[in-house]
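2 protein chains.
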Amino acid sequence: MRYTSETTSPDGTTERGFDHDGVPGVLWTPAGDITGLVLGAHGGGQHKRAPRTLAHAHRCTAAGLAVVTLDSPGHGDRPRTPDDDHFTREIRARITAGQDPGPLLAEYNALQASRAVPEWRSVLDALTTLDAVPGVGGNVGFWGMSMGSAIGIPLLAAEPRIRTAVVGLVGATDDLVRAAATITVPVRFLLQWDDQLIPRHAGLALFDAFASHRKSLHANPGGHGDVPEHELDSAVRFLAG
Amino acid sequence: MRYTSETTSPDGTTERGFDHDGVPGVLWTPAGDITGLVLGAHGGGQHKRAPRTLAHAHRCTAAGLAVVTLDSPGHGDRPRTPDDDHFTREIRARITAGQDPGPLLAEYNALQASRAVPEWRSVLDALTTLDAVPGVGGNVGFWGMSMGSAIGIPLLAAEPRIRTAVVGLVGATDDLVRAAATITVPVRFLLQWDDQLIPRHAGLALFDAFASHRKSLHANPGGHGDVPEHELDSAVRFLAG
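Heads up: the sequence lines are chains H and G, in that order.
For what it's worth, our numbering labels the leading residue of the first sequence as 1, then goes sequentially.
For what it's worth, our numbering labels the leading residue of the second sequence as 1, then goes sequentially.
Worth double-checking, as some hints may not be accurate.
[Unchecked claim] Just some of the chain G residues that point at chain H, by a computed CB distance under 10 Å:
| # | residue |
| --- | --- |
| 1 | V185 |
| 2 | H213 |
| 3 | R214 |
[What the hints assert, rightly or not] Here are a few chain H residues that sit away from chain G, every Cβ distance over 10 Å (derived from the structure):
| # | residue |
| --- | --- |
| 4 | L54 |
| 5 | G98 |
| 6 | T129 |
| 7 | G138 |
| 8 | I183 |
It should be emphasised that the hints constitute simulated quantities derived from the structure, not laboratory data.
Beta carbons: idealized from backbone N, C-alpha and C, even for Gly.
Only chain H is shown next, with the shape it has when bound in the complex (with noise of 0.2 Å):
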């Protein structure tokens, strides 16, 4: 893991630009002392610096938590391959004709898993060898909505040194059932109530597959992007512990 920038903003936080075997991330780390690291993973078509992704890093430092994100394959500032030029382009063409794009969505989640999970966890391992979040061994979390969900859960299934993670904004696929069948720690699980890209069923569903004995689903209305301030703010009171 090379360092490739390092700002420090007025509240204290310390936001570092890196790069790991090409993957470009940023690794955020509050002013105190810290008391976990989440990976954070975005959403379809977003980046690691992307709005959103900010204002969760800036909701998990400011409650003493480090936060790592990547671009994910064919995100950011990575280059994208055909697959990724095929998959956005006819998943944008369904949505605008008013088609389901769920089925696509799925293929395209699934080899972003594929991609994804095994660079999360070299990044983790790096970060651990590294020291570079001190004292955070006991308390690794996952933040990842739609897209982040469908790389963070079959992560969660393979990397036991995640505790906690919030997932949501997914539906039932195989591969997710059967990866959250397997996933026993606690689990928050995110859902719109009017979500235009998941239906309803197909979130239940994935949340009923969870075998942690601690899993809540906390459901709200609106569409795929409107998770509620409230909601992301008690998400990272669940990641903090």
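Mind docking chain G on chain H? Use the hints.
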């Protein structure tokens, strides 16, 4: 409203028993400033000083909230009518026989609401008039699960002084859906994912019916009586605003 007892616990919480037009109740007030008043309606088979009612009252007073609770009709120290005996016996018999108690529960709940809603409104009048709970005019909330919600939802529909509510463990009936559709205050709705008394779809349908712009469904694993502690704590934070 006539006070019948008064005790103060070591943490400074004052508990006053009262009788209001023949309805026995309890008013708990915290030691310091009172930030709001919670109307707490107990569940079926419980009463004003049942262990869960007490535990919830203590959570609220610790957060600066006063709590008032009443024995519901046919419960606690109140006389039981032949209707109370009939429904209680038949509901228990159906549960014991492994039959669906849903329609009978709904019928009894509707009877309870018709009796209890005027009592709650009259108690709220008395508390306001007597200035027994100073400074709570702007922040009156409702808490009640199961039969408590079956009373609370029609109460919310009738009573504009209630500004926020936590309800749940109850399913859609025509009456409750009609009442919920007129409710616009912030609502949190608790659902137990494996509730043996309330079918999942019936709980989801009732959540769907609320007209509130701010409403959140919180679902957790476990049966009717298994609402997790963290959810109860979170509900009190919600009521405290």
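Okay, the hints, checked on the actual structure:
The interface hint given for G/V185 is broken, as the beta carbon of that residue sits about 14 Å from the closest beta carbon of chain H, more than 10 Å. A cut of 10 Å between beta carbons decides the hint on G/H213: the least distance to chain H is about 7 Å, and the hint holds. Here the hint on G/R214 is kept, as its CB sits about 7 Å from the closest CB of chain H, short of 10 Å. Every C-beta of chain G lies more than 10 Å from that of H/L54, the closest at about 25 Å, which supports listing it as non-interface.
No Cβ of chain G approaches the Cβ of H/G98 within 10 Å, the least distance being about 23 Å, so the stated non-interface status holds. Distance to chain G confirms H/T129 as a non-interface residue, since its nearest Cβ pair spans about 34 Å, more than 10 Å. Every C-beta of chain G lies more than 10 Å from that of H/G138, the closest at about 19 Å, which supports listing it as non-interface. Non-interface status of H/I183 relative to chain G is upheld: no Cβ of that chain comes within 10 Å, the nearest being about 13 Å off.
When each numbered hint is compared with the structure, a violation occurs for hint 1 only.
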